[in-house]
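Colleague: With the hints as your guide, set chain Z onto chain D.
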Amino acid sequence: MSDTSWLTEFPDMSRRDLLAIRQTLDGAYRSFSRAYGESIENFFNPLLHFLIWFENLLIQTPWWIVLSIIIGLVYAATRSWKLCAGVLVSFLAIGYFGMWEDTMRTLSIITVCTILSICIGIPIGILMARSDRAKSIITPLLDIMQTMPAFVYLIPVVMLLGIGRIPGVIAVVIYAIPPVIRLTNLGIRLVNRETLEAATAYGATPTQRLFGVQIPLAMPTIMAGINQTIMMALAMVVVASMIGVKGLGQPVLKSITNQYFTLGLLNGLAIVALAIIFDRVSQSYAKRAQKHLEGTENG
Amino acid sequence: MDNPRETLIEIEGLYQIFGPKAEEVLPKVKAGASKEDILAETSHTIGLQDINLSVKRGEIFVIMGLSGSGKSTLIRHFNRLIDPTAGKIKVDGENIMALSPKDLITFRRHKMAMVFQHFGLMPHRCVLDNVGYGLLIKGEKRAEWKPKAVSWLETVGLAGYEDQFPSQLSGGQQQRVGLARALCTDAEILLMDEAFSALDPLIRSEMQEQLMELQENLQKTIIFITHDLDEALRLGDRIAVLKDGKLVQVGSPVDIVLNPADDYVKAFAKDVNRARALTVHTVMTTDTDKVEGLTANDVKDQFPMDKDYAFVFHDGNYQGVLTKRQFCQLKDDDLLEPVLTYVEPVRQTNLLQKVIPMCLNTQFDLPVINKKGELKGRLESSKLAKVLSPNFSTLCYTLAHKKWPQISGHFLTHIFSIMPLF
Numbered sequence: 001m002s003d004t005s006w007l008t009e010f011p012d013m014s015r016r017d018l019l020a021i022r023q024t025l026d027g028a029y030r031s032f033s034r035a036y037g038e039s040i041e042n043f044f045n046p047l048l049h050f051l052i053w054f055e056n057l058l059i060q061t062p063w064w065i066v067l068s069i070i071i072g073l074v075y076a077a078t079r080s081w082k083l084c085a086g087v088l089v090s091f092l093a094i095g096y097f098g099m100w101e102d103t104m105r106t107l108s109i110i111t112v113c114t115i116l117s118i119c120i121g122i123p124i125g126i127l128m129a130r131s132d133r134a135k136s137i138i139t140p141l142l143d144i145m146q147t148m149p150a151f152v153y154l155i156p157v158v159m160l161l162g163i164g165r166i167p168g169v170i171a172v173v174i175y176a177i178p179p180v181i182r183l184t185n186l187g188i189r190l191v192n193r194e195t196l197e198a199a200t201a202y203g204a205t206p207t208q209r210l211f212g213v214q215i216p217l218a219m220p221t222i223m224a225g226i227n228q229t230i231m232m233a234l235a236m237v238v239v240a241s242m243i244g245v246k247g248l249g250q251p252v253l254k255s256i257t258n259q260y261f262t263l264g265l266l267n268g269l270a271i272v273a274l275a276i277i278f279d280r281v282s283q284s285y286a287k288r289a290q291k292h293l294e295g296t297e298n299g
Numbered sequence: 001m002d003n004p005r006e007t008l009i010e011i012e013g014l015y016q017i018f019g020p021k022a023e024e025v026l027p028k029v030k031a032g033a034s035k036e037d038i039l040a041e042t043s044h045t046i047g048l049q050d051i052n053l054s055v056k057r058g059e060i061f062v063i064m065g066l067s068g069s070g071k072s073t074l075i076r077h078f079n080r081l082i083d084p085t086a087g088k089i090k091v092d093g094e095n096i097m098a099l100s101p102k103d104l105i106t107f108r109r110h111k112m113a114m115v116f117q118h119f120g121l122m123p124h125r126c127v128l129d130n131v132g133y134g135l136l137i138k139g140e141k142r143a144e145w146k147p148k149a150v151s152w153l154e155t156v157g158l159a160g161y162e163d164q165f166p167s168q169l170s171g172g173q174q175q176r177v178g179l180a181r182a183l184c185t186d187a188e189i190l191l192m193d194e195a196f197s198a199l200d201p202l203i204r205s206e207m208q209e210q211l212m213e214l215q216e217n218l219q220k221t222i223i224f225i226t227h228d229l230d231e232a233l234r235l236g237d238r239i240a241v242l243k244d245g246k247l248v249q250v251g252s253p254v255d256i257v258l259n260p261a262d263d264y265v266k267a268f269a270k271d272v273n274r275a276r277a278l279t280v281h282t283v284m285t286t287d288t289d290k291v292e293g294l295t296a297n298d299v300k301d302q303f304p305m306d307k308d309y310a311f312v313f314h315d316g317n318y319q320g321v322l323t324k325r326q327f328c329q330l331k332d333d334d335l336l337e338p339v340l341t342y343v344e345p346v347r348q349t350n351l352l353q354k355v356i357p358m359c360l361n362t363q364f365d366l367p368v369i370n371k372k373g374e375l376k377g378r379l380e381s382s383k384l385a386k387v388l389s390p391n392f393s394t395l396c397y398t399l400a401h402k403k404w405p406q407i408s409g410h411f412l413t414h415i416f417s418i419m420p421l422f
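For the record, the sequence lines run as chains D and Z.
Quick note on my numbering: the first sequence kicks off at 1 and runs consecutively.
Quick note on my numbering: the second sequence kicks off at 1 and runs consecutively.
Bound conformation, chain D alone (with noise of 0.2 Å):
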């Protein structure tokens, strides 16, 4: 009688196999690592010189003038007194608390993942909007990067870049990048089909028509995309602690392990505060964009 077993219990490969396989890839790729590794350091240089830069800039420039540096752009953005005094009392009692260092650390690290991001997703966004088959590449692409966990993507970056800022960043990157590709894509394929005809009807060439009309009338869009970014790159920040990126993430981390309620209480609160500050500055400097838009669609 031949064997019935895979009736009651599911046909796997034998264990012997998949270890095999295990360890060809990750040899591979730990040979791979080693090879390049520092070649691929080499690349991520430069961004690490600025971050750190940028960082010590934020610390080193006494607080006082960090602080109304911070609101003068805030106001420059929204022209709003009562967003400038939010903002203050949310800064004057993270100094308080004693967080400013660490705030300020986050603060870099995700102005820098923000603009990274940017600079890097709304050109494959446009790239997405313009071709048909790139976006069918893209879109599954997006949605291992916003399902996979973090941890997974974090092994090999680690592997090949080990503990410290820059897999911090590409991390973040990752993760964060999604929503502003997702949406520049969608902000350009919305754009009134007519308006665009006119442009062409009138002459415009490939490179007008993406400047002059399509980029700008997806600008609405586009910037919910990069609030959303920024929204997920704060999210990532403890994650991101656990491989060496100094900030707000590493104290939750350790009161995580040491039970510490009310350290992660208070340094979750600074991230929410971060979190609604990027918020509400990036959206109503967007709404003060588009007035155009104020009282639309009479007649």
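FYI, nobody ran anything at the bench for these hints, they're computed from the structure.
It should be emphasised that the depicted structure is a prediction, and the values quoted were computed from it without experimental measurement.
Careful: at least some of the hints might be erroneous.
To be verified - Example chain D residues on the side facing chain Z (calculated, C-beta under 8 Å, incomplete): (1) Glu38; (2) Thr195; (3) Thr200.
Stated by the list, open to error - Okay, the calculated bits of chain Z under chain D, using three or more residues with CB under 8 Å as the criterion: (4) 100 to 109; (5) 134 to 147.
What the hints assert, rightly or not - Some chain Z residues flagged as far from chain D (calculated, every beta-carbon gap over 10 Å): (6) Glu24; (7) Ala40; (8) Asp83; (9) Glu162; (10) Asp255.
All C-beta atoms in this analysis are idealised placements derived from N, C-alpha and C, irrespective of residue type, glycine included.
Modeller: What follows is chain Z alone, placed relative to chain D:
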């Protein structure tokens, strides 16, 4: 307008088939397979088939059809917003299908301007920047095109709206901006894709009037798309009727109304209020014979002796009608003025409705003059009557050619009582 005009745009054997393998389906369509069969067999949609037409320089060419007839698709071939599956498009003798992408952009910038159904304005640019858009993308400096854009805005009646955004304007105003944008480029050809269809009736007829007034001065070549026969008849020098992607009939407005090519056009033409849809332009006889002068001596050599009367002009201004009998009785130095009969002149753009009373009021043809007062032709009452309704033509003819006092009051009442029918 007076002499036969040269052809500006020519379309030959144009086919548009929508679907991934249009080229392979084309032979079947050419062999005469029906739209439904093609859709069922190959799941390709036929947009246009075997379109042949020519548009003359300076005319308003209306393409009319119901939704789904392919009219908006067709107009997008003129500037290649859509490329045809097969066929030739020539503009000014140049085959635009052969243009490189770069030449195509140059062609669009200089030859054609387009007005869209839903305006197609840029919501993030102010009205002035919208009007100057065609010049802006050519690379002209703002300071160079600004005066021009301002003056076109003024022409369409939107002076003072320069800094508004399109969303702050009403639909009619937005379409005026669209029109100003098209005119600002100085393109010879104007493509108007259901330009007035999204506007309410009052604004629409206002815009139609404005377009015709502008056209009198500009003499552009206008391709006008509409689903409204009234509009087509009112604006068009010639009308092409499109059905299911095929041209059913191409002809003058009078042709369409009086000699519909098939039942489809007939059904369209049946419900038309001719007096309100047709303008004097469509019915008038082009004839610029006139006499110019102040005295009998001046007009002696000009008077057309084969006719019973002539229109008298002096200094370019219309004076009145001089009959042959009166002319023969005049001595050399007699002034013409005392013997002239003043027959009210009409404009080409007047609707027939407006001129019917004037026509009934005189035994003469009505002189048709343009804005500048130049004679463009004459409106014969017999022709007017024929166009309005074949059934009443004899009646009206008699009426118009008898002397006014001879018509009995009863007869008049009868005529006016049927007037609303027109």
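Colleague: With reference to the structure, classify each hint as holding or not holding.
Modeller: Do the hints match the structure? See the list:
Annotation: interface hint on D/Glu38 violated; nearest CB of chain Z at approximately 46 Å, more than 8 Å. Checking D/Thr195 against chain Z by beta carbon gives a least distance of about 5 Å; that is within 8 Å, so the hint holds. Evaluation of the D/Thr200 hint against chain Z yields a held restraint, the C-beta minimum of about 6 Å falling below 8 Å. Under a criterion of three residues with beta carbons nearer than 8 Å to beta carbons of chain D, the stated coverage of the region 100 to 109 of chain Z is upheld, 5 such residues being counted.
Coverage of the region 134 to 147 of chain Z by chain D holds [criterion: at least 3 residues with CB-CB distance below 8 Å; count 3]. At roughly 21 Å, the least C-beta separation between Z/Glu24 and chain D is larger than 10 Å, which holds for a residue marked as non-interface. Non-interface status of Z/Ala40 relative to chain D is upheld: no Cβ of that chain comes within 10 Å, the nearest being about 27 Å off. Every beta carbon of chain D lies more than 10 Å from that of Z/Asp83, the smallest distance being close to 12 Å; the non-interface claim holds.
Residue-level check passed: Z/Glu162 sits 14 Å from the nearest beta carbon of chain D, beyond 10 Å. Under the 10 Å C-beta cut-off, the non-interface status given to Z/Asp255 relative to chain D holds; the minimum distance is some 31 Å.
Hint 1 alone, counting from the list given before, is not met by this structure.
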